[in-house]
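This is what each chain is made of:
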Amino acid sequence: MDIKFNHVSYYYNANTPLQTVGFKDLDFTIKEHSFTSIIGQTGSGKSTLIQHLNGLLIPSQGEINIAGFKIVPQTKRKSLSKLRSQVGIVFQFPENQLYESTVLKDIAVGPLNFGVPLAKAQKQALATLKLVGLDSDLAQRSPTELSGGQMRRVAIAGILVMKPKILVLDEPTAGLDPYAHEEMMELFWHLHQKWHLTTIMVSHSMDDVAQYSDQVIWLDQGRLIQMASPREIFTNNQQLQMKPQSVAFYQELQAKGLQLLQTPLTIAELVTELKKKILGTTIE
Amino acid sequence: MSLVKVTNLSFTYPNQSHPALKNISLTVPKNSYVTIIGENGSGKSTLARIIGAISLPQNGQVSIDNLLLDKAHLNAIRAKIGMVFQNPDSQFVGSTVEDDVAFGLENHCFSPEEMNEIITKYLKLVGMNDYRFRTPESLSGGQKQRVAIASALAYRPKLLIFDEATSMLDPQGRQEISKLIQNLKLRQLATIISVTHNLSEALVSDYVYILNHGEIQGRGTPTEIFANQELITKNHLKLPFTLELIQQLKKAGFPFENEQLSTTELVQYLWTLNSTT
Numbered sequence: 001m002d003i004k005f006n007h008v009s010y011y012y013n014a015n016t017p018l019q020t021v022g023f024k025d026l027d028f029t030i031k032e033h034s035f036t037s038i039i040g041q042t043g044s045g046k047s048t049l050i051q052h053l054n055g056l057l058i059p060s061q062g063e064i065n066i067a068g069f070k071i072v073p074q075t076k077r078k079s080l081s082k083l084r085s086q087v088g089i090v091f092q093f094p095e096n097q098l099y100e101s102t103v104l105k106d107i108a109v110g111p112l113n114f115g116v117p118l119a120k121a122q123k124q125a126l127a128t129l130k131l132v133g134l135d136s137d138l139a140q141r142s143p144t145e146l147s148g149g150q151m152r153r154v155a156i157a158g159i160l161v162m163k164p165k166i167l168v169l170d171e172p173t174a175g176l177d178p179y180a181h182e183e184m185m186e187l188f189w190h191l192h193q194k195w196h197l198t199t200i201m202v203s204h205s206m207d208d209v210a211q212y213s214d215q216v217i218w219l220d221q222g223r224l225i226q227m228a229s230p231r232e233i234f235t236n237n238q239q240l241q242m243k244p245q246s247v248a249f250y251q252e253l254q255a256k257g258l259q260l261l262q263t264p265l266t267i268a269e270l271v272t273e274l275k276k277k278i279l280g281t282t283i284e
Numbered sequence: 285m286s287l288v289k290v291t292n293l294s295f296t297y298p299n300q301s302h303p304a305l306k307n308i309s310l311t312v313p314k315n316s317y318v319t320i321i322g323e324n325g326s327g328k329s330t331l332a333r334i335i336g337a338i339s340l341p342q343n344g345q346v347s348i349d350n351l352l353l354d355k356a357h358l359n360a361i362r363a364k365i366g367m368v369f370q371n372p373d374s375q376f377v378g379s380t381v382e383d384d385v386a387f388g389l390e391n392h393c394f395s396p397e398e399m400n401e402i403i404t405k406y407l408k409l410v411g412m413n414d415y416r417f418r419t420p421e422s423l424s425g426g427q428k429q430r431v432a433i434a435s436a437l438a439y440r441p442k443l444l445i446f447d448e449a450t451s452m453l454d455p456q457g458r459q460e461i462s463k464l465i466q467n468l469k470l471r472q473l474a475t476i477i478s479v480t481h482n483l484s485e486a487l488v489s490d491y492v493y494i495l496n497h498g499e500i501q502g503r504g505t506p507t508e509i510f511a512n513q514e515l516i517t518k519n520h521l522k523l524p525f526t527l528e529l530i531q532q533l534k535k536a537g538f539p540f541e542n543e544q545l546s547t548t549e550l551v552q553y554l555w556t557l558n559s560t561t
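So the protein sequences, as listed, match chains A and B. For the first sequence, the residue numbers in our numbering are 1 to 284. For the second sequence, the residue numbers in our numbering are 285 to 561.
If you are wondering where the hints come from, they were derived from the structure by calculation, not from laboratory data. Note that this is a predicted model, so its numbers are computed, not measured. Be careful, since some hints might not be right.
As the list claims (entries may be wrong) - Here chain B is said to cover these stretches of chain A; the calculated rule only asks that three of the stretch's residues, wherever they fall, bring their Cβ under 8 angstroms from a Cβ of chain B:
#1 140-150
#2 171-177
#3 200-208
#4 257-268
Think of the CB as a built atom: it goes at the ideal place given N, C-alpha and C, for glycine as much as any other residue.
Using the sequences and the hints given, assemble the complete structure.
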């Protein structure tokens, strides 16, 4: 089922003298099973937007349709608890939210809260631990004994154990080294395909945005500037400060007058296009 | 002259079977800019914390500015060191930018006039003097890190240690801070050790150490380190963008005499190649 935002606005401290705009008049559709990235500077409304996806925030105006739920300003948060089992949100630095005494207990919290019997919840937790690439030996360890990268995986397992249909990622690779970063993105990409997820990612890493997204939502000061494919976004907005490294490199080539057939979004595309352009002509 | 000398240093955390550092020896020359790179869990932050005199060595020796790091010299050594940590939010102690820089100075018996002068000097240096009366909530992560750098520099440390100071920042903030560190190096304000997994930063430093599993796996100038593909891959590191691009272009059949071009040089090279074919 698609996710629809129908002229949705959110105001912090609504109807008080301190009222400020979270975002204004967002109107878009996110296709089921698509990978959508949300980009924008700090304060653009990205975080406010994702908190609407599982009813942590309720819109001030407009209507949201998500996973069979209709959310309007009158909707009570309580009525959305079932929505939370279908929309998994991985917040920034999720490892800071681990609190149980063992890894296994921490992962099992979600299913237990939704009434799954203990034995079954633990079995699900163990399976999810393996899914995120961690050894089952870690199950009985305290989360605090793990490395930062491992702790993040445990926190993510705690979301995935609920088998969400919609997965929301808020800066999932922040603070990871380049190798762990790549592994983490591969994990999400693998799950996205295998579980036929609808994935929504907030990221400052334009390389990831370019590589994985079907579409990009670009917000600025709470307004939707553009929703388009990454290629369109990064081809037509030269002034965008955030861009994939291959696009930044291509813009330097363009400044010298070297034009390629299309804007390369990844290093692999850049190499292919350069080969066509430069070596291709040598062979002819 | 070396400012930091580490000899056969080992360190194991309580209740851990594996040592976090094994037999580390290294030297950091005065006024140099040294980067220590390695993946999460490689031991690089532990090393930074020991050189920064937060933890004492268990085995082996560390000396800073000719003082042996032990209990007796702890305070004397700490006075020589400024540290900037990973999380911009957890090291901001003042209620405003100005207060934050003043905090470190208050223990050093400066007159209010002197303090004011020092604060202005270092906030200007990091480009934050216009934000002097701002509160931390109104600053971006990169701006908070700039303030942390000004605070660390204000009492003139001989050694400035960055412990993954850019890893929690967005790409723009990361670039700003990397440029600032280079600038500090050019002005020779302090000897700089930066523990990082931002390899572009290693590329502009004087000397690089690669750490993995608590041991030094490689050492050399950036040119030497990044020419060693095997070393990079083996230690789960990734080449900076331009060097990676050169490697991939080479595989695709582009001829390269020099594989360590800067971005500008590579653009020039491709442009020339295109115009001559």
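Okay, the hints, checked on the actual structure:
1. Coverage of the region 140-150 of chain A by chain B holds in this model, with 3 residues showing a Cβ closer than 8 angstroms to a Cβ of that chain against a need of three.
2. Only residues whose C-beta sits within less than 8 angstroms of a C-beta in chain B count toward coverage, and the region 171-177 of chain A has 4 of them, enough to reach three; the restraint holds.
3. Given as covered by chain B, the region 200-208 of chain A passes the check, having 3 residues with a CB less than 8 angstroms from a CB of that chain where 3 are the minimum.
4. Using a Cβ-Cβ cut-off of 8 angstroms, 4 residues of the region 257-268 of chain A lie near chain B, which meets the minimum of three, so the contact claim holds.
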